[in-house]
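**Student:** Listed below are the residues making up each chain.
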Amino acid sequence: MHNQAIQVKGLQKSYKELHVLKGVDFEVEKGSIFALLGSNGAGKTTIVKILTTLLKQDGGTAAVNGFDVAAKPDDVRQSISLTGQFAAVDEILTGRENLIMIAKLRHLENPRQVADDLLNHFGLTDAADRGVSTYSGGMRRRLDIAMSLVGKPQLIFLDEPTAGLDPEVRIEFWQIVKELADGGTTVFLTTQYLDEAEQLADRIAILHEGRIIANGTLADLKKLFPPAKVEYIEKQPSLEEIFLAIVGKKEEN
Amino acid sequence: METIKNYFFSDMGVMLGRSIRHIFRSMDTIITVTIMPIAIMLLFVYVLGGAIQTGTDNYLNYLLPGILLITIANGIGYVSYRMFMDKQRGIFERFHSMPIAHSAPLWGHVLTSLVSNAISVVVIILVALLMGFRSSAGVLSWLAVAGMLALFTLALTWIAIIPGLTAKTFDGASVIAYPIHLLPFVSSAFVPTETMPLGVRAFAENQPVTLILETIRALLYGQPVGNDIWVALAWCVGVMLVAYVFAMRAYKKRV
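Listed in order, the protein sequences are those of chains F and R. Take the first sequence: its position 20, counting from 1, is numbered 20 in my numbering, and each next residue is one higher. Take the second sequence: its position 242, counting from 1, is numbered 495 in my numbering, and each next residue is one higher.
A couple of the hints might just be wrong.
What the hints assert, rightly or not - Below, simulated BS3-like cross-link-like pairs (lysine-lysine); rule was C-alpha separation at most 30 Å, straight line:
#, chain 1, residue 1, chain 2, residue 2
1, F, Lys22, R, Lys506
2, R, Lys340, F, Lys22
3, F, Lys9, F, Lys178
4, F, Lys22, R, Lys505
5, R, Lys421, F, Lys16
6, F, Lys9, R, Lys506
7, F, Lys9, R, Lys421
8, F, Lys178, F, Lys235
9, F, Lys152, R, Lys421
10, F, Lys178, R, Lys421
11, F, Lys56, R, Lys506
12, F, Lys72, R, Lys505
13, R, Lys505, F, Lys16
In case anyone wonders, no lab produced these hints; they're calculated from the structure.
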């Protein structure tokens, strides 16, 4: 049995002159949340595309759930799902129709039931029969994730899932990801928000100039720095905390 | 993998259901592919028709084949548009990271174009019947007309897919529609080509739309089809094959 959901060795990829990945190595354990950090253009999305069979690598190997992505793409696709940078939902269909469509494409037994359950789980039942173009950003994101969970894939890829979302939706989203991992799903997450990785990830890898320059738990990464000094400081609330406190009070009333 | 091939047609059916919903929920599309052709038909029959000499008593009978081709040509820009949107919005990426046949989303669009055009064509023929269109054609001739229209649709559809996949902007994706919209106007769709100036006439008589039109007219009104049908078929199949090769190449490379 493999205990690794993802194994990547010496992965290379170039776009014409641009050498994006120069030999990337990492492994992701089954059932864990793995965060890939990197600045814009570091190649995070390129790695996601190779692992989800959308793009072929130039060199190195990558295996997902024990299947080589280049040799057995169909087996890989069977056990994964991808949520890209933009909510890839059909704007013209309703939320329910979107979910039924994906359930049919995954050839599930009872597409309507699957859709109903997911709508319910993500609090979209009331909006189920409205066109997605009327959804708010948060609802769209929830639908997007719900679509990725159709058929209960073992591994889900989230490529910068919270880019452009407001703080409340981000926190709601983090909750969803934690629940997923508690249920045994492996989560591969790319992000440029450091707090997101800190909140969610069991392991964090940093991609820089085409290579993984650090890889470990948050505690491991913290050890790379000099030991913490104890200082006493007055803690000012961050703007995010203030925002959430005010908005939270409004909702209680 | 065996299972994925087995599901090809059901996957394509899901894609078809999706795009057909898009069409029926887009007022703009419905207007362009049915209301506009009907309006043109009414305009030409009841406003301009009296002054047009085609050598037949029933101008509508002369006009209808042209209206059908205009209908199909009008809908073609939407094929590019739907392809472009799917590529742009990341829906193709979602589909392609799923265990479905890689070309199912593309064939779904082709099938949608065929089905939606068939619906428009039937609606327009029904309206024409109400307005007094009559044909002496038997079942076989009607089948031949349907086949000709289907081939014309396929040829234009594969052309439209290319910019849908390769364009960088929405405007770029839909620009192909304009020259295609114009082709039926410079043909024998509205008036016989004899009155046109020499250069225009030479173009009009030899371009595929006129050949297809004359073939459909011959089939509908029991005249001998002659060589036109073979030349018209050759045009449709030839254009379709060339466009297919380029569209497939673009699809494999970009999606």
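**Student:** The structure should be examined with respect to each hint, and the outcome stated for every one.
**Tutor:** Hint-by-hint comparison with the structure:
no., hint, result
1, F:Lys22 <-> R:Lys506, "23 Å, holds"
2, R:Lys340 <-> F:Lys22, "28 Å, holds"
3, F:Lys9 <-> F:Lys178, "28 Å, holds"
4, F:Lys22 <-> R:Lys505, "25 Å, holds"
5, R:Lys421 <-> F:Lys16, "19 Å, holds"
6, F:Lys9 <-> R:Lys506, "25 Å, holds"
7, F:Lys9 <-> R:Lys421, "34 Å, violated"
8, F:Lys178 <-> F:Lys235, "28 Å, holds"
9, F:Lys152 <-> R:Lys421, "35 Å, violated"
10, F:Lys178 <-> R:Lys421, "38 Å, violated"
11, F:Lys56 <-> R:Lys506, "11 Å, holds"
12, F:Lys72 <-> R:Lys505, "18 Å, holds"
13, R:Lys505 <-> F:Lys16, "18 Å, holds"
This entry does not satisfy hints 7, 9, 10, going by the numbered hints stated previously.
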